[in-house]
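Chains as they are written, first to last, in the numbering used here: chain A, 1 to 281; chain B, 282 to 539.
If you're looking for bench data, these hints aren't it; they were derived computationally from the structure. Ideal Cβ placement from N, Cα and C applies to all residues, glycine included. Among the hints, erroneous ones may be present.
Said to hold, decoys possible - Simulated coverage check for chain A against chain B, where a stretch passes if three residues somewhere in it have a Cβ under 8 angstroms from a Cβ of chain B:
| hint | segment |
| --- | --- |
| 1 | 91 to 104 |
| 2 | 149 to 159 |
| 3 | 224 to 233 |
| 4 | 258 to 271 |
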Amino acid sequence: MEYLALEPGGPPLVGLANGPVVEPFLARHDRLLDYVEVSFEQLRHNPVAAQLQEQIPVLLHCSSMSVAGFVPPTDQTLEAIAEHVDRTRTPWIGEHLAFISADALGGDDAVGPTELTYTVCPQLSEETVERVVVNLSCLRTRFSVPIILENSPQYLALPGSTMTMAAFVAQVAQRCDVDLLLDVTHFLITANNMGLDPIASVHELPLERVVEVHLSGMSQQSGRWWDDHAAPVPDAVFDLLRQIRRRIRPKAVTFEYNWAPSMPESVIVDQIIFTRDLLAV
Amino acid sequence: MVAAGLADPDRLRAWRDRPDLLAALGLAPATVDLEALEDFAGLSEKIRYNQCRGDLPLTFRLLSLTQLEIDLFRQYAPQSLARRQLGRVSTSERLDGLLLFVEAWTSDTDPVRCLVRDVLRHEHTIASLRSAPVASRVEVSRDLVVPRHNGRLVIHRMTCDPRQVGTVLRDRHPDLTQIRRGRWTFGYHRSTAGPLRILEMEPGIGDLLMTIDGRRSFDQIAADLFGDAGASDMLHAAFAQLTRLGLLVWDAPEGVAS
Ligand SMILES: [Fe+2]
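Next comes chain B alone, as it looks inside the complex:
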C-alpha cells in the first residue's frame, strides 16, 4: 500500500478524499498517516530531480533554506507523474516541467515563492541557452524592414537580482535577509556566435524587445505602439541602440535604425 501510494500520488489524494477506499484494502484509515505519505512522495519526486541539480544549484539551495523542497515536490508529484508517463524524462524536459509548475504555483503576493520562481527562471534560462542557437533565416517580405532578435533572447521580470541572490546563497551560512527585493528586468541573450550575456535593462526596453517577433516591420511595430502618430525619434534611437548592443538584426538590406 505504501509502494502503491508513493508510485502514484493521485492514488494518495484519492485515499485522502475517500477513506473507504483504504478500508476496502483492509486498512483502518486512522492507522495510515496519509499526510506523511504524501510528503514522502514529495521526497521521492525530489530525488527524481537529482539529475537537474547541476543546472539548478541555487534553486535547490533556496528551496532547502526556505524549507519548501518537500512541499513543492509533493504538490508537483501528480503533474510530474503525468509528464513521465508521456516520456518527458530528459533533463531539459524535467527542467521545463518544473518551471511550468512553479509559474502556476507562485502567486505574486507570496514573496518567498516569487523568489523561488525568479531564481528558477534564471537558472532554467541559463541552462536552455547553454548551447548556441542554430542560425536561422526568417522568411519575410523583402520590401519591409523587419527587426528580429539576434539569436535567442529571453526577457524576465524579476523581484530580485538572481546574481545577488547567488552571492548570498553561496555563502557557507547564507543570510536570506541579505537578499535585495524590488523590480528588475533582465535580458538573457545568446547569439549564434558568442557567450551567454545577462543584461539588466529598463522595463520599457524589456517591453520593446518582447514586442519584436521577427515578422512585423519596424513601421508596423511603431504603428502598433504609437498609432497614427508613427514612430518617434526615441523609438528609432532605441532600436539603433539595441542593434549596436548586438540584440537585434534586420532582415532587409537597409536597417532603418542602423
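So that you can see chain A by itself, here it is in the shape it has in the complex:
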C-alpha cells in the first residue's frame, strides 16, 4: 500500500480527484501525481476503489457529514469514515462546509430527512456558524486526523443570510479553530454570482489556514456561474491561485475532473506542470 508522506516546508503535492480519467492518466503519467483524492462515498458504494492505494497514496474527501446542517450523520456512517481514515492513513479529511441532508419541510418527522445528491451551501449567518461549531466539536472527536472544511459554491442569495462567504468561512475557522480546504473555483463562482470582487474577497479569507486547494472547471449558463468538474480549470481560477500564492503555499492541490468520462491528457499534464511551477516560485 502507498501512503501520503508530507514533507514539512516541501513543495505542494499535486493530485487528481478519483474518476474515470484517473486510471488511464496513472497508466501513462504516474510520476506526475503524488496522490489521488478519493471520496468516502466512492469507497462506501464501490469498495474496489480502495485498490487504487496499491498504486498511489490516497487523500480522503467526504460529503456525508452535513457539517453545516441540522441532520447529523448516523453513527454507522461515522464509523465507516473512521475506518477509511485509518486504512488510508490520510493526513486529513476534507469535508464540505455545507449540508447534504435536511429535515423534511414543516418538521414532518414521519417523512424522514430529505437526502440530496449534492452538498448545498448553507445560509451564511451567525446561526449557521453556531451550528457548525456544535457539529464540528462532536464530529472531530470521531477521527484520528483533523477535518478541514471546504467552501461551497454559492449560486443564489440564501434567505436569511447576513454575511459574505469569505466572512462566513473566516468566522467558522476562527470559532472552530479549523483549517481549510479552499476550492478556488467554488470561491470564484461565489464571487461572480454574488457580484463581489474575487481578489478583494479572497484576501478576506484566513488564507494562513488553507491546507489544501481544489481546482476545477466552471461554466456560465442561464446568467449564473456553475461548478463543472468536466471542464478544464480556466485561466481566471489560476489567476486567483496566483493571488493566493502571494500569501501562502498549500500542502496539496487537487484537480477535480471527476465528472469527466475523459479529458485530453495534454490538458491535465500542462495544468499540473503549470501549477507546480506557479506554487514553487
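Knowing the structure of chain A, use the given hints to seat chain B with the ligand on it.
Here is chain B with the ligand on its own, set in the frame of chain A:
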C-alpha cells in the same frame, strides 16, 4: 426549504405559481430567488447524469458549448424525478429517459435543439447497440417469404452528420460554425455476429427499411407500397441489395430477392 426545493422540482414550480405557499412556511416570497433555485435543481439533475457521460461525451460537450445544460436539466428534472420514483435509475434507463425528454423538448424549428437531439440519438443508439443482439426466431407462416432486419437496425433522420459533429467537438477549441447542417439518413446496424455499423443511406432506403416489420411478406409490403400494381423490379433490386449488405434476412426457404 432549499433542500426541499432541490429534492422536488414540482414543489419549486408550485412555489412559483403560488407564492402564498412560501409565506405559509414563514418566508417572504421576495427573499427567495426561485429562478436560481430551479437552475440549481437543474445542476443537481445534471450531476445525477454523470454516470451517463461515458456514453454521451458528445452530447454533454455540445450542451456545455451551447450553454444549454442547466436549462435542459432544469426542465427535465420533474420528469426525471418521476422516473427515479419508479426505480428507473440504471444507466440505460437514464439514457432512455433523457432521450424521451429531448425528443419532446426539440422543435423542428430550433436548429440548436435539433442538433442536440440528433447527437443524443446517435450516442443513445450506439450505447443501446453496444452488445450484440441475441438471435431470435420470428414465427411466420411458412408459405410466405418474410424479410426482417438482420439483428437490430435503427434508422434515424438527422439534421447533421454526427460523425462530422464529433470531429468538430473533439477539437480543443471547437468552432460550432464548422458543423454542417442539412438532411441525412443513417442506419445503425448490429447483427448477432459482427460489430456495430453506421451506414449513411438515401432517405427512401431508410423509409423502406422502416416498413419492414418481420411480419409482413415481401408481397404484402409491395402491395402496401404500390397497391395493385405489385412490386416493381426496383423494389426487388433494393431488397436484394439490402440483403447483400447484411441488413435483411428472410424467414422462408427461398428469398425472393436473394
Ligand atoms: Fe472541491
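Checked hints:
Evaluation of the coverage hint for the segment 91 to 104 of chain A: fulfilled, as 4 residues show C-beta separations to chain B shorter than 8 angstroms, against a requirement of three. Coverage of the segment 149 to 159 of chain A by chain B holds in this model, with 5 residues showing a Cβ closer than 8 angstroms to a Cβ of that chain against a need of three. Figure legend: the segment 224 to 233 of chain A, annotated as covered by chain B; annotation consistent (6 residues with Cβ-Cβ distances under 8 angstroms, at least 3 required). With 6 residues bearing a CB less than 8 angstroms from a CB of chain B, the segment 258 to 271 of chain A meets the requirement of three and the coverage assertion stands.
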